[in-house]
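Q: Line order of the protein sequences matches chains A and B. The numbering of the first sequence is numbering that gives the first Met the number 0, which starts it at 0 and goes up by one. The numbering of the second sequence is numbering that gives the first Met the number 0, which starts it at 0 and goes up by one.
Be aware that a few hints might be false.
[What the hints assert, rightly or not] Straight-line alpha carbon distances no greater than 30 Å define the calculated BS3-like cross-link-like pairs of lysine-lysine that follow:
no.	chain 1	residue 1	chain 2	residue 2
1	A	156	B	2
2	A	83	A	151
3	A	156	A	83
4	A	81	B	7
5	A	151	A	75
6	B	2	A	76
7	A	156	A	81
8	B	26	A	156
9	B	7	B	26
10	A	76	A	151
11	A	151	A	78
12	A	151	A	81
13	B	7	A	151
14	A	76	A	156
15	B	7	A	83
16	A	156	A	75
17	A	156	A	78
18	B	2	B	26
Keep in mind that the hints were calculated from the coordinates and are not lab data. The model shown is predicted, which means the values in this text are computed figures rather than measured ones.
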Amino acid sequence: MVDSRESVDFEELFESTQSMIFNLGMRLFRNEEDALDFAQDAYMRAYDRLDSFRGESRASTWLYSLALNLGLNRLKKAKRLKLKELPEDESWTIDDLEGDAEDPLEQLSDAEMEAIIREELNELSDVYRIPLILFYFERLAYRDIAERLGIKEGTLKSYIHRAKMILRERLLRREIEEP
Amino acid sequence: MNKNEQSKLVREIYARDAADLSPAAAKFAESHAVGRRERRIAGSIATGVADLPRLSVPARLRAMVLDRLRRPA
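Extracted from the complex, chain A is given alone in its bound form (with noise of 0.2 Å):
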């Protein structure tokens, strides 16, 4: 078997990977102070098992995997990530659907309502941002999130799909008040 330490560079990995790790952390925890952290912890854990690397993927993968589940297992230590079953959305009705009325958003640019977007997606509680960017950003299959996550397929898809619709409120919300 080849030794792991020998044959993974691991300056080399830092230098390739520490953007990637570090964005991570500031996705996940919101402040740079904790990515930072969080993205030590993960390249001190890298290191220790570097044995457990087995070179069936790329290296970077590897770490991205495990700087993941380290970062999702500090959310859910701190309570910031308490996922339960979401009650079905179906009986909701929409209240400001209103057909005919001027679209508050036609002035603005598609740039523009995804800067919105962003700030609002920055204010919303992690049980709702991180299931989004999850899927979003880090493009990751619904099966591949849930289980990270430790719930069912269908309870991520409620979260995702609550997500969308508090964004997309507040955005209309924001439109209506403060054209």
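Fit chain B to the known structure of chain A by using the hints.
A: Positioned in the frame of chain A, the structure of chain B alone reads:
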């Protein structure tokens, strides 16, 4: 179309990818002013999250990791 029917179609726009919409929801998203608006918002949410900015890494991370590993135990 009443409010409940519209709500159902709007929920579907946010629950599925554009390519997976039912014919009724796809038609609503295409031909109705509210449907077009909602499809635009749903698309902006997906793009807005997917395009989160990447920040530059503080220089001290290198010391926090590599210097610590080089330090004798």
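Q: Quick check: which numbered hints come out false for this structure?
A: 6
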